[in-house]
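Can you join these two chains into the complex? Each is in its own frame, and there are hints to help.
Heads up: the sequence lines are chains A and B, in that order.
Heads up, the first sequence is in numbering that gives the first Met the number 0, so the first residue is 0 and it goes up one at a time.
Heads up, the second sequence is in numbering that gives the first Met the number 0, so the first residue is 0 and it goes up one at a time.
Quick caveat, the hints were computed from the structure, so don't treat them as lab data.
Here a beta-carbon is modelled for each residue, glycine too, at the ideal position from N, C-alpha and C.
Worth double-checking, as some hints may not be accurate.
[Claimed, not checked] Computed footprint of chain B on chain A; a stretch qualifies when at least three of its residues, placed anywhere within it, have a C-beta under 8 Å from a C-beta of chain B:
id : region
1  : 61-71
2  : 94-102
[Unchecked claim] Example chain A residues on the side facing chain B (calculated, C-beta under 10 Å, incomplete):
id : residue
3  : GLY49
4  : ASP81
5  : PHE84
6  : PRO85
7  : ASP128
8  : ALA152
9  : TYR199
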Amino acid sequence: MLEIQDLKVVYSNGVEALSGVNLQLKPGGICGIIGPNGAGKTTFVKGILGLVPSYGKVRFKGKPLSHWAKQTAYVEQKRNLDLDFPINVFHCVLLGTYPKLGFFKRPGAKEKEAARKAIEQVGLVGLEDRQIGELSGGQFQRVLIARTIVQDADLIFLDEPFVGVDINSEAIIINLLKQLAQEGKTIFMVHHDLSKVQRYFEKVILINKTVIAYGETKEVYTKENLTKTFNVFDNPLFT
Amino acid sequence: MGEALHTFINDLIEYPFLQQALSISLILGIACGMVGCFIVLRGLALMGDAISHAVLPGVALSYILNISYFFGAVVFGIMAALGISFVQHHSKIKVDSAIGIVFSAFLALGILMVTKIQSAINLNNILFGNVLTITPSDRILTIVVAIIVIAAIFLFFKELQLSTFDPVMAETSGLSVKLINYMLMLLLTLITVVSLQTVGVILVVSLLITPASTAFLLTKSLKSMLWVSALIGAASAAIGLFFSVTYNLPSGVVIVLTATIIFLTVFLLHPKTGLLWQFLTKSRSKIA
Numbered sequence: 000m001l002e003i004q005d006l007k008v009v010y011s012n013g014v015e016a017l018s019g020v021n022l023q024l025k026p027g028g029i030c031g032i033i034g035p036n037g038a039g040k041t042t043f044v045k046g047i048l049g050l051v052p053s054y055g056k057v058r059f060k061g062k063p064l065s066h067w068a069k070q071t072a073y074v075e076q077k078r079n080l081d082l083d084f085p086i087n088v089f090h091c092v093l094l095g096t097y098p099k100l101g102f103f104k105r106p107g108a109k110e111k112e113a114a115r116k117a118i119e120q121v122g123l124v125g126l127e128d129r130q131i132g133e134l135s136g137g138q139f140q141r142v143l144i145a146r147t148i149v150q151d152a153d154l155i156f157l158d159e160p161f162v163g164v165d166i167n168s169e170a171i172i173i174n175l176l177k178q179l180a181q182e183g184k185t186i187f188m189v190h191h192d193l194s195k196v197q198r199y200f201e202k203v204i205l206i207n208k209t210v211i212a213y214g215e216t217k218e219v220y221t222k223e224n225l226t227k228t229f230n231v232f233d234n235p236l237f238t
Numbered sequence: 000m001g002e003a004l005h006t007f008i009n010d011l012i013e014y015p016f017l018q019q020a021l022s023i024s025l026i027l028g029i030a031c032g033m034v035g036c037f038i039v040l041r042g043l044a045l046m047g048d049a050i051s052h053a054v055l056p057g058v059a060l061s062y063i064l065n066i067s068y069f070f071g072a073v074v075f076g077i078m079a080a081l082g083i084s085f086v087q088h089h090s091k092i093k094v095d096s097a098i099g100i101v102f103s104a105f106l107a108l109g110i111l112m113v114t115k116i117q118s119a120i121n122l123n124n125i126l127f128g129n130v131l132t133i134t135p136s137d138r139i140l141t142i143v144v145a146i147i148v149i150a151a152i153f154l155f156f157k158e159l160q161l162s163t164f165d166p167v168m169a170e171t172s173g174l175s176v177k178l179i180n181y182m183l184m185l186l187l188t189l190i191t192v193v194s195l196q197t198v199g200v201i202l203v204v205s206l207l208i209t210p211a212s213t214a215f216l217l218t219k220s221l222k223s224m225l226w227v228s229a230l231i232g233a234a235s236a237a238i239g240l241f242f243s244v245t246y247n248l249p250s251g252v253v254i255v256l257t258a259t260i261i262f263l264t265v266f267l268l269h270p271k272t273g274l275l276w277q278f279l280t281k282s283r284s285k286i287a
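Next up, chain B with everything else stripped away, as it sits in the complex (with noise of 0.2 Å):
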């Protein structure tokens, strides 16, 4: 192992392509991980993972066009988070329901359009995420996304914080949580479709909720929430890419494996709530 790091770091030292695929996964495993601690405390988790789903039509289309993916993934991302919210408001359905319905309807549109459009889409990379094959002016698009993701939740935490708490109170109080919403709905959206060449359309998810909910268990105050989160985000994508890099392993799956693994430790070994002693107190009695 020890070699392998160093190998590693000698490689990252020789090829910029690395330093930049490293950095790429570190900017968006801190935005993820901040943008998921909301998307976690509203019990949100479904709606990223149906907003990453269902872009891939706009990725086909885009190439299509001949346009950046981007802009066809962020219309589409939108457009599946719009047409969530109409089905639930419009019909007595339930909104898992509604998310159920609108992304699948939106991933098999997309599997038919990649797979009949004959395109040089390489599906598997949408799917599971490269971030080796990451292009220059998309490299430009992630940062620059992710800066204004970052940038967006310090200057909108305090309205962020009590509308995501205390909805009601901040409606009585003048605040439009429905301006709010919509606000969080689109930065999830955008960075849903910049992580998707780096963890793709199916594991997106897990960098948005894993490192937010480990910091969950970790944390008593929504910024040490963030913070943490974003620490674990980063953590889990350097060590990830670190494995992707020395066994030749897609990067988005050791990415999402190595967030699981951190998330477990936690969720066992946490001193006050951690499975683990629960189970040891709990037996002790027992013998007692």
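In isolation and in its complexed conformation, chain A is listed as follows (with noise of 0.2 Å):
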């Protein structure tokens, strides 16, 4: 259980982005994120991995999150890295083994044999020593996934994995994502097509500065729902 408790996220500017955060999350399946934009998506995941200064408790089985911290992994949007960064699609991959390493240990047979597996799994075998800067977007983002995968976390957090993705990369991903969530991941989505919501998620989260709804794709994601994330009144041209 993941147990999310009071969170409350400010920006230096004093605005609020996200309060009165209060979630008990089920482990287990793939649970969207979803909102409109500025809604505190991103924040709301920021915050619960504490990477933004936030207040409140966040919990995963009894302990804080930063307790498992190597059972944690966290794929930001692909756009925040650097492609010139001297690093092949195998070396990039293998980062994933590094935080279970431990220091001065150095990546061994079995790490790089985990990190051929995982290139295999996303369907990048042949492009091993491509610098990550001369891939497509969705290979690069496989790239990323397969590094995931490499984690073994307990824990994944993915914000929008499908921006700027080809639909044969995104296919692929959800595929391994459903694979890895039946294997008792639990996953996090931020995710903004709203037309895929069903298809992808077993459970939603529906946010707009606060947690409008959460639970069972089918029982919480209805119009009503939707409608007060969406609030075409909140949009400053209708005030």
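So, in structure tokens, the structure goes:
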């Protein structure tokens, strides 16, 4: 169980990005984080992970999330990474083994094998030596997914993994994520394409500055809740 | 040129001070080249510049207190690094302005101190470096510091790589990115301070940035970037020293210009990305 108590994130300029978040998230499955632009979806994830200054408590299996750092993977929006960085596909995937290696230890045969297997799973065999800047958006996103697979974390957070990604890559990624969820991983994904919500997610969290609704997609993803989340009257154009 | 090289090698065999100057230049070229890779990849070139300028008051103070210049310089280098991040985090001032404010203030203070205390410090040597006047104790210090810096990069390669490429993943998976940043700043300060005598305050940033940038153009992995940068750093130092001794020129200036020539050669002639080839293909396609 991932428990979130009174989570609040305030920007440095004093504006509240998110407040009053209280959730008891059940483990397993893929959960979509849905909301309009500027609703605080990314901030929600970063607040949970402690990447932005936040108030409140986040506990997983009864312990603070910082205790589970090695069991936590976060794939942020890929545009935040430097594509000119001197690293190829293989070594980028291999980075996923670093957290569990500890200081002074180099990745060995076991880690390299895991990286190779993950590259095969995302369908990038033959591109191991490509510098990451020479990949398409979809290929690079698959590299990041392979890295996440190698990390072997129980909690996985993804921020808009399908932005700038081709249909083929998107299909490969969602199938792999579904497979990971079946193996017992808990996955959260910030997502904006409403047309695919029912197909991709068993559960959803609807967010707009606070949590509007959380639950099974078929129960919570209703017209009423969506109207509340994407309230047109919140739009400055209508006021 | 062949004759000059011959004389240089003969001098090298004959004069221990020249051997020492060469060994120091080589090890500094290697260490600066390696630290420089992380400085270049993290976009911290200005930070290196700031720290190198900011150590000057420390050098003057060390002279007044009659202690090794090293300690004063390191303290002021660290103060500058902390001062910059303090100004940046406690106001809306952007990092390049914070760097500009802090380093010029420290440099001005340093020049004031050096000129007013009528010391035996030769401002020219601090500003531009002279590897031939290095004392035996400073030589040992330089070698020890350079070895520590190189060893730290080897030992923490994984952490430095991950936190440079993807600090967010590093942070979420439990690595203290802040701690790694502080370590890198410390390594940067240490190597800058011991490089002062060789290349001087003004030019040390070049030894950090130019070989690493050249290697960045040439390589596709961080490991090879580190090796190539170290090699270019060492080569620049050795070639620079040769010209410095042969034509009686300040060592720092010549080392920096050598590194720059290597950079320009790669920048223009690199088989894939070289500016010259790009220009030629463009004009050829125009003609066609």
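| said: Need the list of violated hint numbers for this structure, in ascending order. | reply: Number 9 - this is the single hint that the structure violates.
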